[in-house]
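Asker: Using the sequences and the hints given, assemble the complete structure.
Numbering (our numbering), first residue to last: 24 to 96.
These are calculated hints, taken from the structure and not from any lab test.
In this text, all values refer to a predicted model and were calculated from it rather than measured experimentally.
Please note that a few of the clues may not be correct.
[Claimed, not checked] Label pairs and their computed distance ranges (CB to CB):
id, residue 1, residue 2, range
1, Ala84, Glu41, 17 to 27 Å
2, Met64, Ala84, 15 to 25 Å
3, Gly90, Glu41, 25 to 35 Å
4, Gly90, Trp38, 29 to 39 Å
5, Arg44, Gly90, 26 to 36 Å
6, Phe91, Val63, 18 to 28 Å
7, Lys42, Pro92, 27 to 37 Å
8, Pro45, Met87, 17 to 27 Å
9, Ala69, Ser89, 31 to 41 Å
[Unchecked claim] The calculated DMTMM-like cross-link candidates involving lysine to aspartate or glutamate, where the alpha carbons are at most 20 Å apart (straight line), are:
id, residue 1, residue 2
10, Lys93, Asp51
11, Lys82, Asp26
12, Lys82, Asp68
13, Lys82, Glu39
14, Lys82, Asp51
Quick reminder that beta carbons are idealized off the backbone N, C-alpha and C, glycines included.
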Amino acid sequence: MTDGGFMATLCLFVWEAEKARPRRLLIDATQFRHRFGDGVMQWRDAHIIPRYGAAGVRKFAFHMPSGFPKAGA
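Answerer: Structure, rendered in structure tokens:
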């Protein structure tokens, strides 16, 4: 996956959230291996995260691969 592919996928996912307007989303990241390039997360924060909020999303759950470090650890 490229940064452009990742960004395009996020655009599609948030578009679906805008249509369905769920309060919660489950992200399956068990096969995700991409390392983000410079500026990708800043782009996401500026262009994707506000759209999730406007769509009514309030919680995210991430299914991570085994061995993934625990969040906040």
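Asker: Taking the hints in turn, state whether each one holds.
Answerer: For each hint, the structure was consulted:
Remark: the range hint 17 to 27 Å for Ala84 to Glu41 is upheld by a beta-carbon distance near 19 Å. The beta-carbon spacing between Met64 and Ala84, approximately 19 Å, falls within the hinted interval of 15 to 25 Å. A beta carbon spacing of about 34 Å between Gly90 and Glu41 agrees with the range 25 to 35 Å that was offered as a hint. Between Gly90 and Trp38 the CB atoms are about 32 Å apart, so this pair conforms to the stated range of 29 to 39 Å.
The hinted window of 26 to 36 Å between Arg44 and Gly90 holds, with their beta carbons roughly 34 Å apart. For Phe91 and Val63, the Cβ-Cβ distance of about 19 Å falls inside the hinted range of 18 to 28 Å, so the restraint holds. A hinted range of 27 to 37 Å for the beta carbons of Lys42 and Pro92 is consistent with their spacing of about 34 Å. At about 20 Å, the CB distance of Pro45 to Met87 agrees with the hint of 17 to 27 Å.
Remark: the range hint 31 to 41 Å for Ala69 to Ser89 is upheld by a beta-carbon distance near 32 Å. A C-alpha spacing of about 16 Å is found between Lys93 and Asp51, which places the hinted pair at or below 20 Å, so the restraint holds. Between Lys82 and Asp26 the CA atoms are separated by roughly 24 Å; this puts the pair beyond 20 Å, and the hint is violated. A distance of roughly 16 Å separates the Cα atoms of Lys82 and Asp68; the hinted pair therefore holds under the 20 Å criterion.
Our distance criterion of 20 Å between C-alpha atoms is met by Lys82 and Glu39, whose separation comes to about 16 Å. For the hint pairing Lys82 with Asp51, the CA-to-CA distance comes to about 14 Å; that is within 20 Å, so the pair holds.
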